[in-house]
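Dock chain one against chain two, each of which comes alone in its own frame, and use the hints as you go.
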Amino acid sequence: MEKYLVFNSSGFPILSILLLVPLAGAVFSLFIRRELLLKVWGLAVTVVTMLLSLPLYFLFDRGTYKYQFAELRHWIPALKLDYVVGIDGISLLLLLLTTCLMPMCILCSWNAIRERLAEFIFVLLLMESSMIGVFVSLNTVLFYIFWEGMLIPMYLLIAVWGGPGKDYASIKFFLYTLVGSVFLLVAMIMLYIQAGTFFIPQLMDHPFSFINQMFIFIGCCIAFAIKIPMYPFHTWLPAAHVEAPTAGSVILASVLLKMGGYGFLRFCLPMAPDAALYCMPVLLGLSLTAVIIGGYLALGQQDIKRLIAYSSVAHMGFVSLGIFLCNEQGLRGALLEMINHGITTGALFICIGIIYERTGSRDLRVNSALGMVMPLYIAFMSIFALSALGFPGTNGFVGEFFIIIAAFTRNTLVGVLLIPGAVLSAAYMLRMLQKMIWADSDGHSVHPVHCDKPALSDITWREGCMLVVLTIFVFWIGLNPGPLIEVMDSSIMHLLRQVGG
Amino acid sequence: MNSSVLLIPICVPFVAAVLVMLLRSRPSVRDCVPVAGAVLTFGSVLSLVPHVMQGGTCAGTLFTLYPGITVAFSLDGLGLLFAGTASGLWVLASLYCIGYMRSLDEHAQTRFYVCYAVAVGSALGAACSANFFTLYLFYEIITIFTYPLVAHHQDAAGYSGARKYLVYLMFASKACLLPAMALIYVQCGTLDFAVSDIHKGIFPAGGSRVLVSVTYALCLLGFAKAAIMPLHSWLPAAMVAPTPVSALLHAVVVVKVGVFSICRVMLSVFGTELLVQYGLGLITAYVAGCTIIVASVIAMTKTDLKARLAYSTVSQLSYIVLGVALLAPNGLVGGLIHIPNHAFAKITLFFCAGAILAATGKKDIRDMGGLGYCMPVTMAAFGLASLSMIGVPPVSGFVTKWYLALGTLDRSSVVLLCVVLFSSLLNAVYFGEVFVRAFFGTPSGDAVPKRLERKPLMLLMVVPLLVTAVLSVVWGLYPDFFMNIIRLQVGS
Numbered sequence: 005m006e007k008y009l010v011f012n013s014s015g016f017p018i019l020s021i022l023l024l025v026p027l028a029g030a031v032f033s034l035f036i037r038r039e040l041l042l043k044v045w046g047l048a049v050t051v052v053t054m055l056l057s058l059p060l061y062f063l064f065d066r067g068t069y070k071y072q073f074a075e076l077r078h079w080i081p082a083l084k085l086d087y088v089v090g091i092d093g094i095s096l097l098l099l100l101l102t103t104c105l106m107p108m109c110i111l112c113s114w115n116a117i118r119e120r121l122a123e124f125i126f127v128l129l130l131m132e133s134s135m136i137g138v139f140v141s142l143n144t145v146l147f148y149i150f151w152e153g154m155l156i157p158m159y160l161l162i163a164v165w166g167g168p169g170k171d172y173a174s175i176k177f178f179l180y181t182l183v184g185s186v187f188l189l190v191a192m193i194m195l196y197i198q199a200g201t202f203f204i205p206q207l208m209d210h211p212f213s214f215i216n217q218m219f220i221f222i223g224c225c226i227a228f229a230i231k232i233p234m235y236p237f238h239t240w241l242p243a244a245h246v247e248a249p250t251a252g253s254v255i256l257a258s259v260l261l262k263m264g265g266y267g268f269l270r271f272c273l274p275m276a277p278d279a280a281l282y283c284m285p286v287l288l289g290l291s292l293t294a295v296i297i298g299g300y301l302a303l304g305q306q307d308i309k310r311l312i313a314y315s316s317v318a319h320m321g322f323v324s325l326g327i328f329l330c331n332e333q334g335l336r337g338a339l340l341e342m343i344n345h346g347i348t349t350g351a352l353f354i355c356i357g358i359i360y361e362r363t364g365s366r367d368l369r370v371n372s373a374l375g376m377v378m379p380l381y382i383a384f385m386s387i388f389a390l391s392a393l394g395f396p397g398t399n400g401f402v403g404e405f406f407i408i409i410a411a412f413t414r415n416t417l418v419g420v421l422l423i424p425g426a427v428l429s430a431a432y433m434l435r436m437l438q439k440m441i442w443a444d445s446d447g448h449s450v451h452p453v454h455c456d457k458p459a460l461s462d463i464t465w466r467e468g469c470m471l472v473v474l475t476i477f478v479f480w481i482g483l484n485p486g487p488l489i490e491v492m493d494s495s496i497m498h499l500l501r502q503v504g505g
Numbered sequence: 005m006n007s008s009v010l011l012i013p014i015c016v017p018f019v020a021a022v023l024v025m026l027l028r029s030r031p032s033v034r035d036c037v038p039v040a041g042a043v044l045t046f047g048s049v050l051s052l053v054p055h056v057m058q059g060g061t062c063a064g065t066l067f068t069l070y071p072g073i074t075v076a077f078s079l080d081g082l083g084l085l086f087a088g089t090a091s092g093l094w095v096l097a098s099l100y101c102i103g104y105m106r107s108l109d110e111h112a113q114t115r116f117y118v119c120y121a122v123a124v125g126s127a128l129g130a131a132c133s134a135n136f137f138t139l140y141l142f143y144e145i146i147t148i149f150t151y152p153l154v155a156h157h158q159d160a161a162g163y164s165g166a167r168k169y170l171v172y173l174m175f176a177s178k179a180c181l182l183p184a185m186a187l188i189y190v191q192c193g194t195l196d197f198a199v200s201d202i203h204k205g206i207f208p209a210g211g212s213r214v215l216v217s218v219t220y221a222l223c224l225l226g227f228a229k230a231a232i233m234p235l236h237s238w239l240p241a242a243m244v245a246p247t248p249v250s251a252l253l254h255a256v257v258v259v260k261v262g263v264f265s266i267c268r269v270m271l272s273v274f275g276t277e278l279l280v281q282y283g284l285g286l287i288t289a290y291v292a293g294c295t296i297i298v299a300s301v302i303a304m305t306k307t308d309l310k311a312r313l314a315y316s317t318v319s320q321l322s323y324i325v326l327g328v329a330l331l332a333p334n335g336l337v338g339g340l341i342h343i344p345n346h347a348f349a350k351i352t353l354f355f356c357a358g359a360i361l362a363a364t365g366k367k368d369i370r371d372m373g374g375l376g377y378c379m380p381v382t383m384a385a386f387g388l389a390s391l392s393m394i395g396v397p398p399v400s401g402f403v404t405k406w407y408l409a410l411g412t413l414d415r416s417s418v419v420l421l422c423v424v425l426f427s428s429l430l431n432a433v434y435f436g437e438v439f440v441r442a443f444f445g446t447p448s449g450d451a452v453p454k455r456l457e458r459k460p461l462m463l464l465m466v467v468p469l470l471v472t473a474v475l476s477v478v479w480g481l482y483p484d485f486f487m488n489i490i491r492l493q494v495g496s
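Chains H and A supply the protein sequences, listed in that same order. Heads up: the first sequence begins at 5 in the working numbering, then just goes up one per residue. Heads up: the second sequence begins at 5 in the working numbering, then just goes up one per residue.
Bound conformation, chain A alone (with noise of 0.2 Å):
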């Protein structure tokens, strides 16, 4: 297929973000370019999808630096699953922002829709990444314009937050990622993925087994949007943004962004034998089990909400790259299909969190006390993104659950199979106090008024929260759709 029709969703946001700047001046047309933005850009993913799962894939260059390093793209299975995930929630995300930064009447909306279309925008470049350098350019970009995004509140704390997400990314790619790109360009002489077959990847055989090791690590460390602990502490520190920013960025483009691009260099750039043959995989399975369980001791530790989210996430991450560094089919199903679930439950918990804050101005827990009656809706889509979380059927947290346990069982690691079901336990704690608080707890404070979810700016966020927390459900109940796509990649 031409490879044109692959642009056409990766320019739609940067176009949309140069149309919200050019109608800055007209607040109500401007919210709207995002919604319109984000349905053509979703729109477009899906009008590919039957042509990909047809096992038809669209590739085409855009510039070549030089033999080997070229700007490209491709979408297969695994690109598609998360370009899909990413640009639909978009559209119910860009209604969310309308309600959330109308409500709290935040300052520097221009800049804020902008920054977010680029963004979005630039993990779907990510997402059809044909090689290397453009993965790590369009990397790159979101690390840059989330920045602003991060700092929106121009307060001590915006500053201090921002910077240290700055300092560890730019950190990572630049000490990390440059390096290891460059060891891949010298020990292959290209940089583009073997999208075709996981099995085998680029390295030619017979290379220095050292190398390759640094080279596999330094792609660990260089993706630190994974927040594969010890790179994890910028993400509870991006919390000062927006809650909106929080609940796309920083639970499903960004950090997929990392874990996604993990994914692709363990499946398209090393291969399934080579990290088999160099015992690779275990070992980052050991260290995604390890930030399973801190990340989920630390998050119990938080009484502010969206602190307790983001370790959540820290901790829920690490479940995609223990599936796939499993490198056995139950596994790599178990942590692919987990990029569409937790993506589901993670931004309707951090929509929840957004509306709680622009309803009733509370951020921490011990607060929420009895606020399951003035926000049912809320609390309600709360408790299923929460199972989702836990991992009960029928919320598609389960099917995650599901094919880890099975893999580890395949790769008979005991270990790994008590991460598991351990740290579904800790999720069960956790999350399970929000939800007890909120509809057991006694109301502290000020009496807060019931049929708080009733006003039109209120609607535009809970209407969003409610399709995903459904929509997470019905992926439980109905997996087939994301199973087939990962099929693909990972044959059956």
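So that you can see chain H by itself, here it is in the shape it has in the complex (with noise of 0.2 Å):
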């Protein structure tokens, strides 16, 4: 077990600490009564985890493969079951993602959450918690515990803090994710009694016969299926991004939805390969269609919410797009797109909470013609749908075009069908920009003297300083890519040869 393991030095365990102190942050938050000091708790943990989960970036040996920082105690013997910890290269972005975002998550909430406001303290302390769990999990059943750990919050946070659809969104939500998990579940149990051990590393180099392994495959397959998620599993998500406060949306946006890209690299490829391999061409057609129904429902929307909910599912297209081609620049072009995915659109979700703050509507008709009144929020708004379209120089140009390479390394047809896919996005991106910059919904001529609407304040210091931090992260990771690749990159290699691609 040891040899997939590189220990601390130190013997410092930093990915439990990161593990307790939201959690502990969660508690200990219930017994606040004062509002403003809840808040300033909230950013406090968040940013403190923030903190701690940076070493780790400089900390991390970019020359190995095998997981690091890890620890590993002794939990329950008779079923060989242990704690065990580590995070390798693919890991390490998406933890530094999440810890990145949850103080973006309580700052866009400093004034939109009036009600409840420890319980949803504690319920994104609990959440950053689980979305850690998830990551640093080097065994079957931890992970399953947080991954269902995940489940309860999210619910919560739609179904208390969310809009007048809440129920119907967060049922759905709850619904959809826990079929999923129950196949999960199964694929798991089936892998412990094949391989009789619950050590991820293991279970991935375990020769599993080709019919366990498309059973392995399909399981798991259709639970992150459904969390990334994929045509047709796809409903889920509008309806919760839609009604979940913005902190939700954010969190489902850029951190759960990249649960089911890093399922699919954990367990999917490297435990079922011949599976994978042996069902590519359906899977490659799915995320092809979420591609491209996803942007053509995007084209059509005027909840600017639902527009950027339905522009996540061609995004996350692309990324099992690029995960299922097998190929080393789609593999790099998918967890590139997954951390710009998660910058972008969490940023654009914060864009909209700031606009729906001061408007009361998310609709592109009541939201046009801000261009001469909001010209800051413009401009960065400008900025990030730019970025998910795919703008060169931004971080969203990077990914789209690695898998696009790959895409057309693996296979001429499959790039030239992606080719839609990446036109609609600058369609609908576009539209919305130019609606909400320019003009009405009907496109007729709206004068910028008009005066119809009350008078609209510009963004405020404590959202043009989340902004400009997501705009520093969008350009740096759009030049210069560099660093991230080379974190991943041992990683990649690694999991290139447990497939066999």
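Calculated directly from the structure, the hints in this document are not laboratory data. It is possible that part of the hints are untrue.
To be verified - Straight-line C-alpha distance at most 20 Å; calculated SDA-like pairs for lysine to any residue:
hint, chain 1, residue 1, chain 2, residue 2
1, A, K168, H, P424
2, A, K459, A, G365
3, A, K168, H, V427
4, A, K168, H, A373
5, A, K168, H, G304
Here it is as structure tokens:
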């Protein structure tokens, strides 16, 4: 077991601390009564977690695919069940994405959440702990506990603090994800019966027979396909996004969807490589469908949040396509696209939250012609929208371009079929921008001096800080993705060897 | 030479844009910033001329996205030709802008100047690109930042024109350029241009002919800013923009970026040998030939002056593509020298159209009878520029036509020779009409007062257009300056 792990030389249990800080913070937040103090507490806990996670990036050894900062403690010897955590290049990036976005989630809820604030902070911090748990677990049981642990807080976020249709949306989210979890559970039990271990790296190296691989693959694949979400399991996503509060949408888009992609990379590909290659055409087809359908549906939306939700479906279609192309550029592109989608779409949801707080509407017809009224806001919105459509120089371009290269390398036909998706992403994003900046829905003339709307204030310092930080990431990754690729490369190469692609 | 020298002309316009934004509350200072920026930019480009003429290049990498995909700059003859033309004309256009925007009391002038400067800066970035990705990056920035300029008037016509503009350009670049770039990377493993030798591209020998041809076709379609038919109709739609935009951007900077990109891709990515071997050059030449004739015929039917000029631009741009697509030294010279020649002449024509609009409010050619007596300098300049378009010596357009005709003869293509000659005839018809009406037509409607050109604001417009018209003649009499730069690229 130890051959897969690299232990911390100082023995400092950094990953466990990362898990415990938000959890302890969550428990403690229930005892705070003052509103402002609660918010500051939530911010402090998330910022501390973020600061604790940053050294991981600098201390991470880029040269090995082994799981680093590992901790191993015996837990239930009868079942050969251990508490084992560790991270490789893939999980490190997603972990950092999670910890860096959580302070934003607190900040963007600063004025938006007025009722049950203590519970809100509690749920958010609980959520953070579970999300970190999913990325650091090296054990199927732990993984499953954290996986389910995310479900309840997210359900609560939508059901308690959501919009008018929150009941429908939250139940739909819960049922879809639960069905997926059941399949995942079955697949994990099967893994244990066949291989006799819960330890994920050992499961990756265990040679399963083809028929077993198929069962494992299908079980895991359904769970992760619902989560990512892949066509035709995507219908929970727009409902959940539209009703969720801003922080919920940000978490959902930036981190929760990535769990699906992470699951594909951790379970489906390395544990059932033959099945993955066998099913590749179907999955590529579904991914392409998601890209096109998601983009096409986004093009017709009047609700900005729904538009971004469908754009997420399309973007995650790019991710799953990159993953199942099973080549170097594809996997790199998929992981980059996951990070980038997390940053960009998170930022877009924050932007929508900002405008919703001012106009009380997410309708494109209401939120039009803002260019003259809120120029700074529009500048940020444009940057993120351009990043989402894959504008060169922004982060969105890098992942998308790698996946397109991978598609053309694998099969010219896949590449050709992917291009309409790229065109659609430009179409819906520019349509949204055009309406928000310039004119009303019909494109009739709305001269800037029209005064039928109450004066809207431009972004505040608090909002500006969030958006500036995210903008820096947009351009930093867009122009210099090298460091990220360096972090992920050993793990990606190892994964490719496991798949034999 | 150090690459940071190369960054100066690219950065100055962006800095100017930021300064304009900061000085938005003080219009008089704000309006001076683009002029100063333009002079500085032009000066820094000129300072690079001796170095490039001696065969030196300055190259440098700014960002590395991935091995083979970088943001990198280098300047060679072709880039210098375009960068010099664009930055030089920006000096005159920035003066003209002040006169035009103030005469018509346009709104949102800060936004206008910011976008204008960014567009020019990006064009210089494209001119200095050392690889396909950098070119694509700046190409796209131009698309985004010229949108507010086209939609400037913010009325129904402005929105629909701007929408068409964006749809055409974005669709073409996303649907064609992006896959073309991916295909080039997949086949060559790099996106860097082969700048030193136009004969050999970057494609490895023994590639698939179909794949290479498809990639080439995607490039040709993707650079829709070159307005080759059938992707040309964004250009007439973009004429809803204020005239200085049509003048500098839609006659010089934006459309020339498209043409420049096509030339760059033909010469530095595919290389002439490969294009000749696969017979792609001649097909391109025929497509360009069709565009020349059809656009000229459409131009004759337009009575709005700017619309006529727009279709004339569509047709003239294809001369450049035609010349380069001949893939023979004479053709290349004829095509490439048309980049500055057309720029100087066409910007004069648009300046005239704008001056007429600002002074009299007239847009329709049929209303321009007798205008030559009210605005003699403007109409004289219009006449000179028209001669350049038609290709009459000693104005610079003649040089183009001469080398183009020689080029078609080198390829012994009578059809293309006829295209060049017949299109000159069409040019004479539709430009001649304006000129004849202005001096020999009868005035229509209200009588227009004379001495329109003496107001201070009008002088800011009339002087630049006179200078560009005179320069057109100068380049016609002394084409060696541009010829020497082109010879750097083409070889003797």
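Hints, one by one, checked against the model:
1. A:K168 x H:P424: Between K168 of chain A and P424 of chain H the Cα gap is close to 19 Å, so the pair holds against 20 Å.
2. A:K459 x A:G365: Holds, at roughly 16 Å.
3. A:K168 x H:V427: With a Cα-Cα distance of about 15 Å, the restraint between K168 of chain A and V427 of chain H holds, given a limit of 20 Å.
4. A:K168 x H:A373: holds, 19 Å
5. A:K168 x H:G304: holds, 19 Å
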